[in-house]
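Sequence lines, in order, name chains A and B.
Here our numbering is used: the first residue of the first sequence is 1, the next is one more, and so on.
Here our numbering is used: the first residue of the second sequence is 1, the next is one more, and so on.
Everything labelled a hint here was simulated from the structure, so no lab data went into it.
Straight-line C-alpha distance at most 30 Å; calculated DSS-like pairs for lysine-lysine:
no., chain 1, residue 1, chain 2, residue 2
1, A, Lys213, A, Lys179
2, A, Lys213, B, Lys218
3, A, Lys179, B, Lys218
4, A, Lys83, B, Lys218
5, A, Lys211, B, Lys218
Computed footprint of chain B on chain A, listed as stretches where at least three residues anywhere in the stretch have a Cβ under 8 Å from a Cβ of chain B:
no., stretch
6, 36-44
7, 208-219
8, 225-235
9, 262-272
These numbers come from a predicted model, not from an experiment.
The beta carbon of each residue, even a glycine, is placed where N, CA and C say it ideally should be.
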Amino acid sequence: MLRRTLLKGAAGVAMTMALTAGAWAQEVVKIGLILPMTGPSASTGRQVEAAAKLYIAQNGAKVAGKTIELIVKDDTGVADVTKRLAQELVVNDKVSVLAGFGLTPLALAAAPIATQAKVPLVVTSAATSIITEASPFIVRTSFTLPQVTVPIADWAAKNGIKKVVSLVTDYGPGIDAEKAFKEKFEAAGGKVIETLRAPLRNAEFAPFLQKAKDAAPDALFLFVPSGQGASLMKQVAEREFAKAGIKVIATGDVTDDDQINGMGDAVLGMITSHYYSAAHPSPENKVYVAAFKKANNGLRPNFMSVGGYDGMHLIYKALEKTGGDANGQKLVDAMKGMSWTSPRGVISIDPETRDIVQDVYIRKVEKVDGELYNVEFASVPKVVDPVKAARKK
Amino acid sequence: MLTILFDGISYGMLLFVLAVGLCVTLGLMNFINLAHGAFAMGGGYVAVVMMNRYGLSFYWSLPAAFILMAALGAVLERTLYVRLYDKSHLDQVLFSIGLVFMSVAAVDYAMGANQQIVNLPPSLQGRVEFFGASIGVYRIFVIIACAVLALALQFVLSRTRFGARLRAAVDEPRVARGIGIDVASIFALTFAFGSGLAGLGGALGAGVFSLDPTFPLKFMIYFLIVVSVGGVTTISGPFLASLLLGVADVAGKYYIPAVGGFIIYTIMVAVLILRPQGLFSRAGR
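Isolated chain A (complex conformation) (with noise of 0.2 Å):
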């Protein structure tokens, strides 16, 4: 009789928990957040943790009567492992949203599982043309590198560069930057007389950038993922490009604000394209530098983490619209044609790529105050991802 009472009594308060459990849950919105924390690729995972963390700090984790609860799990930069994070973050976890994504080959492993669960994968940083088109729910804060590589190549076309090498590294958004530049540039009357892909992993750069020089072109175009700026713009320092009267001109991957200051003297003056740099001149950007800075122990925001924060704007004003409606389509429908002004500019989502459309600055590196910068001083307002507007003609 006792047993009998007690077990009532279990079941009771099992049933009660349950119940406020399953109360709590639709109180609460999920997001799991998916980065390289650890591996190669560390410094975008840690950049892009820090800004999403900054913006939840800033504007409070409860959005539409819902609280936002962040997890951020560590995929090492290896696509099979994103794919089962994924997974376990939807089946497990119940996110209702899916984020970060640092290099190409993660987000497109999680693309299918966005399909299948119908959750929205906002892609903070990985830059690869096709990226969107891989699952519908997905939606880009980051940027393409077509979209960031066809203003160098034109700037490069109208200030008197007509031969150009480029040495890219030799992976889906390498070979994007690639493409567009030599497309762009040729277009514009230039030539693109040598494309040199180094491997991903590499180590010594030495024997591309020497056939690059002794091709003597008016300027060499470079690529290398977020981190991998310095170690090949020290080898390129060391080649005197600028001895030889060759330009060198880049994506602003190359010199990340992240690392800028570590490669020396070597960049100043380097002409670069991207769409967001530490020295920003709007007010957005430097109460969001500052902040990125004291929270962070002094470290530069760099474009990565320009991404993150912005992706977790787009969450958190797509649940605004929706009134807390976590369902998927609604959110990414919400999503469709947002625009707002972030630290980088004003930028938008296309509502028919789901893709990022945003102004690219031309940068030149300066010190300032004794640090060393990618200043602006030129910008290609509203530019859409080039590969998927030419597709559309």
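Following the hints, put chain B in place on chain A, whose structure we already have.
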């Protein structure tokens, strides 16, 4: 053309200094130490910390990297490695690869995962003209430093009493002990020396390559290729193998960039098929 040759030689020389410690432990002590790269990484980080944090000169950081890594090697040899000398090779491999992963995680935790940059002193920067080819000053420095090291090593091993004792201790530890050679301390000293060389190689390499916590994994392949192509019974074998691989890698990437990355692997496979004991080894050991 000459520039490419020089770049290749300097790359090969760096590979040699990085890998020679492994040849010593593998060839002379018959111990497979995959954690060798961890010592190289340690040396690189010693250089980075000394120069970037304490503002010391690059020239000081080189001996410091050697001494600190040799000391670390000695400590680990006495506490950990000594227990594994008579274990099977599989145990040694598992043990040392475990050390590699621990070192990767530890450096990641302590120094962060981003690439570290060594800013060379101005006297080692820039380029000089040499028979019509322009060569980086630092690369010349690397070539000279490594050549001196290789000669010194060869001399110590083949001409000195210590070298003779070491060879005796390796070939017949029992007899060597019987005639009064202190085998244990010779092994410890040799291991420490090999680790120190790795540290020195890491510090020298930090001036050319990037340094990040995955360094031991990234370079493990190269060490093993050098050792398998060069054989482990001599110093000259790995030395020539390093030069061959360095020049082949750089020249391959220069002349045929599309397949350049595969050339050293092709060489390794060819050598292993034709001369499994290593290109420069005497057969039958």
